[in-house]
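Q: Sequential numbering of the sequence shown, starting at 1, is according to UniProt numbering.
Read the hints as simulated data drawn from the structure, not as lab findings.
Every value quoted in this text rests on a predicted model; they were computed, and no experiment measured them.
Think of the CB as a built atom: it goes at the ideal place given N, C-alpha and C, for glycine as much as any other residue.
Treat each hint with caution, since some may be false.
What the hints assert, rightly or not - Derived SDA-like pairs: lysine to any residue, alpha-carbon spacing no greater than 20 Å straight-line:
no.	residue 1	residue 2
1	351	370
2	351	300
3	146	132
4	144	105
5	372	330
6	375	345
7	364	298
8	364	297
9	162	141
10	146	167
11	165	131
12	338	300
13	338	144
Said to hold, decoys possible - Pairwise CB distance ranges, derived in the manner of DEER restraints:
no.	residue 1	residue 2	range
14	140	351	43 to 51 Å
15	178	106	35 to 43 Å
16	255	59	44 to 52 Å
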Amino acid sequence: MQRLWLIFAQTVTVAVAILFVLTTLKPEWLPARPAVVALNAVPANPDDDKASPAGSYRDAARAALPSVVHIYTTQEIKAQRHPLFDDPIFRHFFGDRPEGQTQRNSGLGSGVIVSPNGYILTNFHVIEAADDIQVSLNDGHTYKAKIIGSDPESDLAILQIKAEKLPAVTFGQAESLRVGDVVLAIGNPFGVGQTVTMGIVSALGRSHLGINTFENFIQTDAAINPGNSGGALVDINGNLVGINTAIYSRTGGSHGIGFAIPVSSARSIMEQIIQNGAVTRGWIGVEAQEITAELAESFGLPDTDGALIAGVVRGSPADLAGIRPGDVLLAVSGKAVKDPQVMLDLIAALKPDANAGFRLRRDKTIVELQVKIGKRPTMRAEKE
Numbered sequence: 001m002q003r004l005w006l007i008f009a010q011t012v013t014v015a016v017a018i019l020f021v022l023t024t025l026k027p028e029w030l031p032a033r034p035a036v037v038a039l040n041a042v043p044a045n046p047d048d049d050k051a052s053p054a055g056s057y058r059d060a061a062r063a064a065l066p067s068v069v070h071i072y073t074t075q076e077i078k079a080q081r082h083p084l085f086d087d088p089i090f091r092h093f094f095g096d097r098p099e100g101q102t103q104r105n106s107g108l109g110s111g112v113i114v115s116p117n118g119y120i121l122t123n124f125h126v127i128e129a130a131d132d133i134q135v136s137l138n139d140g141h142t143y144k145a146k147i148i149g150s151d152p153e154s155d156l157a158i159l160q161i162k163a164e165k166l167p168a169v170t171f172g173q174a175e176s177l178r179v180g181d182v183v184l185a186i187g188n189p190f191g192v193g194q195t196v197t198m199g200i201v202s203a204l205g206r207s208h209l210g211i212n213t214f215e216n217f218i219q220t221d222a223a224i225n226p227g228n229s230g231g232a233l234v235d236i237n238g239n240l241v242g243i244n245t246a247i248y249s250r251t252g253g254s255h256g257i258g259f260a261i262p263v264s265s266a267r268s269i270m271e272q273i274i275q276n277g278a279v280t281r282g283w284i285g286v287e288a289q290e291i292t293a294e295l296a297e298s299f300g301l302p303d304t305d306g307a308l309i310a311g312v313v314r315g316s317p318a319d320l321a322g323i324r325p326g327d328v329l330l331a332v333s334g335k336a337v338k339d340p341q342v343m344l345d346l347i348a349a350l351k352p353d354a355n356a357g358f359r360l361r362r363d364k365t366i367v368e369l370q371v372k373i374g375k376r377p378t379m380r381a382e383k384e
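Turn these sequences into a full structure, and let the hints steer you where they fit.
A: The structure is reproduced here in structure tokens:
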């Protein structure tokens, strides 16, 4: 038995030695071995730059990124003159001092190319009071922009640059959005450069926020920071569904509560500005108040639906039609009025000079009136 074990050990030793020599000196004499593939290895794919793996949004980003621009603004501000310089005694001893010197403030934001011939959609607050506006494209080219028109009440503005064949964004359908849908926010936060963040639609139809006169926001938790204003909110196909406008924050940074103007509203306003230079809305000249439970009890109302007419502008369409303070507006053109914001939106959607039916509760009687709609004043401080 010991002899057999010795012969086996010597045989194995000689075989290993021969294999070592062949592997080192003549590896081609050995049979080909199958390649070993690691379990986690991903085979090389020459189309990696084109194919989007599952769970990736690179295709959406690739489609939308060229359409989002950076906007840089400057504004000349005159420094305030110190009151001492106007004091006669001070001027007697120290002489006249020059007027306050000027300084330039800069701002930044984002915008979206909506037409190949240079129209750009952005927020009004991005370009408000700017003396000079520069637009930087995704490819690095920079152009001087001019303001075509703006709508402060919706916080939108249209710029134009002298360029052609620009990569215009594809408009999506904001009406098809649902809470939980994935969206991407694209912009230039804090001026660090073009950035894409991902989140979901947190809520739809947000209003009563006090941000704009007309509010119907998409709420998202995609990170939106200063510099993102005017940028694109796109769906998973890269289609524009909103214009990033505001955030809820106590520090200035993103807390996961951002707001975007739906593309349906933005597109309608954009088309009016490009065609007419301004936005035309309906107006009747009333000031409305929300009906609280206490007011409903005080006026003997059955519920809190509707808008309480608190004031009527003399000579306005409402005044001429017979609407009085104390009336409760229940419906406009057959559409229910739940609160003053809904009333504002319904009236603004009506065309000036058109007649519309208004249903009101006066005392305990339902009153039907026909009102000839007027044109809403462009001043932001005007009441509805």
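Q: Checking against the hints above, which ones are violated?
A: Those not satisfied are hints 2, 11, 13 and 16.
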